Amino acid sequence: MSAEAADRSGLLPGSFAPDARLAALGSLAVLTAAYGSVLYHVTDVVGGSRLMLATLVGTATLAVATGRVLRVRTALLLAVLSLAGGFAVYFLSVPASQRALISPERLLSDTVALLTGLSVLRLTQANVWALSVAPTPVFLSWYLAVRRRYVPSVIVGGTVLAVLVLTGDAGLLTTLAGVVGAAAVVGFGTLDRHGGTATQVDTLVILLAVMVVAAATLSVVPATRTAPVLPDRGSPSGVTSLVDARDRVEVVGTIRLSPQVQFTVESQAESYWTTATYDRYTGTGWVRSGDTSPYEEPLSGPPGEGPAVQQTVTAETELGAMPAAWRPTTVTDIPASRVRVTPQGTLRPATTLDPGERYTVTSRLNRPSPDTLQAAGTDYPDAVVERYTQLPASTPDRVRERAATVADDAGAETPYETAVAFESYLESTKRYSLTVERPEGSVADAFLFEMDAGYCTYYATTMVTMLRAEGVPARFATGYTAGERVGADEWVVRGLDSHAWVQVYVPDEGWVRFDPTPAAPRQSAEQARLSDARRSDAGGVDTAETLNATPVPTPADDDSVVDATPTPAPAGGGNMPGNRAAPDAVADPVAASDAGGGPTLPSRETLALWGVVLVGVGAAVRRTGAGARAVRAVWLRRRGPRRDPDTDAVRAFERLAYLLEQQERPRRPGETPRAYVECVTSDDRARLVLRAYERARYGDGVDRETADAATDAVGELVRERTLPTRPFAR
Amino acid sequence: MTDAGIPDSEHAEQVPPLSVSAATTLTDRIVDNVEEVIVGQHDAIEHILVATLARGHLLLEDVPGVGKTVLGRAVATSVDCSFKRVQFTPDLLPSDVTGVNVFNQKTREFEFRPGPVFANVVLGDEINRAPPKTQAALLEAMAEGQVTVDGETRRLPDPFTVIATQNDVEPGRTYDLPMAEVDRFMKKLRLGYPDEDAETRLLERVAGAHPIESLDPVATLDDLRGARQTVANVTLSEPVRRYVSRLAAYTREEAALGVSPRGAIALTRAAQARAVLNGREYVVPDDIQTEAPSVWSHRIDTDRPGRDVVDAALTTVTVE
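One line per chain: the protein sequences are V and A, in this order. Residue 264 in the numbering used here sits at position 264 of the first sequence, with consecutive numbering throughout. Residue 163 in the numbering used here sits at position 163 of the second sequence, with consecutive numbering throughout.
Nothing false has been slipped in among the hints.
A few chain V residues that don't get close to chain A, going by computed Cβ distances all over 12 angstroms:
| # | residue |
| --- | --- |
| 1 | G85 |
| 2 | L172 |
| 3 | L176 |
| 4 | Q310 |
| 5 | R338 |
| 6 | E417 |
| 7 | R535 |
| 8 | D542 |
| 9 | A620 |
| 10 | S682 |
Output of the computed footprint for chain V on chain A, the stretches with three or more beta carbons under 8 angstroms from beta carbons of chain V:
| # | segment |
| --- | --- |
| 11 | 226-240 |
| 12 | 278-286 |
Hint data in this document are derived by calculation from the structure and do not stem from the laboratory. Keep in mind it's a predicted model, so treat the numbers as computed, not measured. Beta carbons: idealized from backbone N, C-alpha and C, even for Gly.
Turn these sequences into a full structure, and let the hints steer you where they fit.
Below you can see the structure in the form of structure tokens.
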């Protein structure tokens, strides 16, 4: 490549071409890194990240190495074959049971789902998918770039990026980096192919900087999934709530709880109302893998002998979830076609429930006694171990070490003891607070080692991580606590009752609930919020029952039992449809206005953004010559140190010429100093300077006196002609 | 106007140089004096003076009757030096220009009878009508400052300036000067017709007796020689010399035959004289630009007028 660059630099005027080529290839590296990082993240979460890295680097190297040798047709054929092979591998890796489901309609609907926001992470074999897809575009785009086909190269890379953007896996920064990289490849590639000037490069750099800055500071496009890089403090940002969670939950920073009533429950027993469970931990959030299936009763209940509980849930607002006690077995009073069942066993409505709509669920609770749990053993099915002990490869080792330490300190020997140990450890070492700064990177790691406060999402995420680190299958569950009890068997559930907890797999018992969040502070926070809302007369906070029948809001009862006991209060399995709560549902967390609190260092994004701004401004300054002009403006006004008379006289004239060039017109190449000065000015002082210059440069030199006179005259002219009022005086 | 024999050239070099201001005053005086007679040819008068001071010769290319002879005579008269005019014809012999040895019956010796070339200012009219051999005789005199007759070399008077004219009206009956010989002339000028105002004034002046008859000298030969010394001492700085080299290089790139080093030397000499005319003891780029068209145009051989090439060089080459 370098030899070729040298060849071209010989052909083109100036040594410009190699730079543009390098810049184009560098930009392609940025684009590749953008979608590569998304694919890498997938494998990081699901496993196989090293193989992915090797694949990416290996294919790129292969493409560069063979780029000059391979013919285009051969390369395209290879790419198609490799893509087909990749999909074949993916197909074979899918479990046979699911493979049977694959049909053309299914493939089509899956593709549509992927392209409309279904995360790649929800694919059952996401890592295999990523590994089989990655090589083709990397190879093709680098191969084409090496052959100077920059636009096709960008089309290939950009398509992959676009798909990942559509699936919602590429975040804002990744997308931005990828798009800017793509634009830069085309720009520099064009300059490389057709030659270009330094000015064009400057213009391109300015353009790219504007792209970055505009994209990062303006969020004009509505409904972007990710917040702008620079948070607009004080206004609600579109953070995802716990129960607004559809197929994934991102852990966010500060939230405010909604006091709106979401639904009411008539139930024979008090319980947590589960809406969703999540199996795949990404380090920053949770993803539910697999597809929902139609409801076909009865659903399999928990393995144990738990009591059946019938609940009737009435939606009080638009509800995108079907809350129910764990674990739902039958649903009635609603057409079966409106109910979907997730692979994890929770329910979700096919379409949003309208206010007033109701359904009846029968759940079989699983609340094994501590003795049962203690004796349960570790005879986990392989599938459960594989899926529910998976942690991102990027999880820091200190998390595993801390988990081991905590378990050892508590003398835990069974999974049950381990879970209890973690639960009490988190309850005792962390403070409950809704006002937190969202950590960078792994949430569990940050909560364990850097944060001293958090809310249920942090507690639950951390506990699942610790359990998985210890080899105990566990998952993340969301839903609602019981809510406000307004009658013997009736509860009113508000947004502020939304909650997240942990489900631990117990052989022969199924998924058992553990709640590491300290109950008392949580309830007081919820109560305070409710009182606030009532004081401010917010609508939708109360129902007829709560207004009439609640002199005492009877708060703590059931939850405190569950939470405050260090025992795992394995409460009734809620069965919950878990997808898509109404937008304003449950705990919609609204960023608190006082989130920052005190002077903080700018975030890395902010600094990076300012870096981009500086690069852009630098290019603009060079492009317009503003920098050189500023230096010259200072130089013009400075008398400068005295040297020998000739030098001084020459310098005096240079200042004069610069002044005149700024204010009159530039001197033409063939124009003599004398002709120029006499053409643009009739000032005697200018002539004096000119004569001193001519004598110094062309004659026998000037004496000190003449040089000083010339310097003084120029100083006078500069002062006179650069007065701020001059433009108006003319 | 003196027509007296052979002027003594031996003591020419002993004249001390004039100061620049004195030389400038002298040239101003001469120009004013000549302008008494010649109307509307200020630039031409200055060019002639520059050529004289720079020890060069002039080639005037013009139609008849625009005042070439009067101009030469007026300059000669003003500095009180000898003026001769030679009308070149196809049958003119070299000896008609240089002079011949004649046997004197009384002294029984050959004695030299000098030709018209032995004068301070020689006007060679329609030089392209004479055959090449006769032209060469004059050109040798111009180049060497001496003539050789019958093996005997005789020095020409100092100063010695030739003003040759070419008639371009009847091209069929002429022997055009080859480039190599044109190169020997420092300058080539075209007087051109006077404009309306100038011609009106001219007609008024010549209404009675021609003013050339009453023109008085305003300088002596020694003044002129001193001024020539002054010109030789004018500073030619490195930036100016480099500028001239670059201009010359430009013409060599742009034209089939560009300016020779002899042309470059001629330009610097002319610029030195021009600097004295303008009262400076050093050459500035402006002097070069003033002199370049008349000194270089006739030395450039290409498909377009040499003047265009010179103008292009002047606008393109950067002055430093």
